[in-house]
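Here are the chains, one letter per residue:
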Amino acid sequence: MENIAEVLQDKQELLFSLAKKSFEEVVAEITEETLVANGEFSIPTDDRLSLSIIIGLSGETNGRILINTSVAYGNNIAVAMNFGDPLDSQDDLFIYLAEFANMVCGRAATHINNQFGKREIWISPPAIFSAQDLEIITPNVSSMKAYYEFTHGKFILDMGFSESSYDDF
Amino acid sequence: MTRKVLVIDDSPFVFKAVSKALEGTEWEVVGNALDGQLGIDKYIELRPDVITLDVTMPVMDGLETAKKLVEINPNVKIIMLSAMGDETLLNNAREIGVKYFLTKPFKPDTIQAKLAEVFE
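Chains as they are written, first to last, in numbering that gives the first Met the number 0: chain X, 0 to 168; chain Y, 0 to 119.
In isolation and in its complexed conformation, chain X is listed as follows (with noise of 0.2 Å):
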């Protein structure tokens, strides 16, 4: 039983390097801008709308990716994915940073699939929350977090893994 434990575990690990792979690589084409994971802070919402954007995992392994920010962090983002100039409106925002999203999490299904050999994940269409103190929830979901703090602001990548899985081993 340990033995199943130490394999899943080193999986997860595996899948979380990949994705915190893709989130580097992805922010480096946008911005120009190497990045390094951080330690653990969180994002300020004294001022700041909460952001989230989540995107489904499915296939070999079921989960989630979701990428924690605020308004005004995504909006920097954005702003660099459109070519340095201002966005139209408020819904380009939103279509932008899902479309971040899809970037990050179908990068990192491409370095997962390639490094499985195999079709192992499969991502699901982006869903976007944005509130005051936002916090989403995912039970039964055993994540892993890392950290980037950089010119355009703070990123949290947040890897969950469905319990659901574990039943493969």
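Rather than coming from a laboratory, the hints here were simulated on the basis of the structure.
Certain hints may be false.
As the list claims (entries may be wrong) - Pairs of lysine-lysine residues, derived as DSS-like cross-links and limited to a Cα-Cα distance of at most 30 Å, are as follows:
(1) X:Lys117 to Y:Lys98
(2) X:Lys10 to X:Lys153
(3) Y:Lys113 to Y:Lys66
(4) X:Lys144 to X:Lys20
(5) X:Lys19 to Y:Lys113
(6) Y:Lys19 to Y:Lys67
(7) Y:Lys76 to Y:Lys106
(8) X:Lys117 to X:Lys20
(9) X:Lys153 to Y:Lys106
(10) Y:Lys106 to Y:Lys41
(11) Y:Lys19 to X:Lys117
(12) Y:Lys3 to Y:Lys19
(13) Y:Lys19 to Y:Lys76
(14) X:Lys10 to X:Lys117
(15) Y:Lys106 to X:Lys144
(16) X:Lys117 to X:Lys19
(17) Y:Lys67 to X:Lys117
(18) Y:Lys106 to Y:Lys19
(19) Y:Lys67 to X:Lys153
(20) Y:Lys66 to X:Lys117
(21) Y:Lys106 to X:Lys20
(22) X:Lys20 to Y:Lys113
(23) Y:Lys113 to Y:Lys3
(24) X:Lys20 to X:Lys153
(25) X:Lys153 to X:Lys19
(26) X:Lys117 to X:Lys144
(27) Y:Lys113 to Y:Lys98
(28) X:Lys20 to Y:Lys3
(29) Y:Lys19 to Y:Lys41
(30) Y:Lys98 to X:Lys20
(31) Y:Lys106 to X:Lys19
(32) Y:Lys41 to Y:Lys3
(33) X:Lys117 to Y:Lys113
(34) Y:Lys41 to Y:Lys66
(35) X:Lys10 to X:Lys144
(36) Y:Lys66 to Y:Lys76
Got chain X; can you put chain Y on it based on the hints?
Quick look at chain Y alone, frame taken from chain X:
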């Protein structure tokens, strides 16, 4: 001579970004479609010179869409423009007849270079 581009992608971002990236060039985005079936309809209506095609879409995904487009026109020029690009996916797309691939995110110069490559 202006060449026509059709964007098939469920994200409106891609239509906006490709249009912006091609401003002032010989390329003009003449339309977009948010799923594969709509994309086929637009292709028949607009007859673009080249299509940018996403993979993960509702109604009809990019691979199925590419297959149908090739059936309509075996010489159709498709650039698979996707966040995903694993070897299994790329091989499936190549088997259908897709020859050009670009991974998101992209900069204006990279998509312009890819379009130029299609017509070399």
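When you check the alpha-carbon spacing of Lys106 (chain Y) and Lys20 (chain X), does it fall within 30 Å?
-> 20 Å, holds
Mind checking the alpha carbons of Lys117 (chain X) and Lys98 (chain Y) for me, to see if they're no more than 30 Å apart?
-> Within the cut-off at roughly 21 Å; holds.
Quickly compare the C-alpha distance for Lys76 (chain Y) and Lys106 (chain Y) to 30 Å and report which way the hint goes.
-> 21 Å, holds
Can the restraint linking Lys113 (chain Y) and Lys66 (chain Y) be considered satisfied, given a maximum Cα separation of 30 Å?
-> Roughly 21 Å separates the two Cα atoms, so the pair holds.
Could you grab the alpha-carbon distance between Lys19 (chain X) and Lys113 (chain Y) and see if it respects the 30 Å cut-off?
-> Measuring from Cα to Cα gives roughly 28 Å; hence the hint holds.
Straight-line Cα separation of Lys66 (chain Y) and Lys76 (chain Y) no greater than 30 Å?
-> Status holds; Cα separation ~12 Å.
Holds or violated: Lys106 (chain Y) with Lys19 (chain Y), Cα cutoff 30 Å?
-> 10 Å, holds
Given hint Lys3 (chain Y) paired with Lys20 (chain X) - CA-CA distance at most 30 Å = Distance of about 36 Å is beyond 30 Å: violated.
Within 30 Å, alpha carbon to alpha carbon, are Lys20 (chain X) and Lys113 (chain Y)?
-> 25 Å, holds
Please work out if Lys19 (chain Y) and Lys41 (chain Y) have their alpha carbons no farther apart than 30 Å.
-> Holds: Lys19 (chain Y) and Lys41 (chain Y) sit about 20 Å apart, inside 30 Å.
Is the Cα-Cα distance between Lys117 (chain X) and Lys19 (chain X) 30 Å or less?
-> Roughly 20 Å between the alpha carbons, so the hint for Lys117 (chain X) and Lys19 (chain X) holds.
For the pair supplied as a hint, Lys41 (chain Y) and Lys66 (chain Y), is the alpha-carbon distance within the 30 Å limit?
-> 16 Å, holds
Of the numbered hints given earlier, the model fails hints 11, 19, 28; all others are met.
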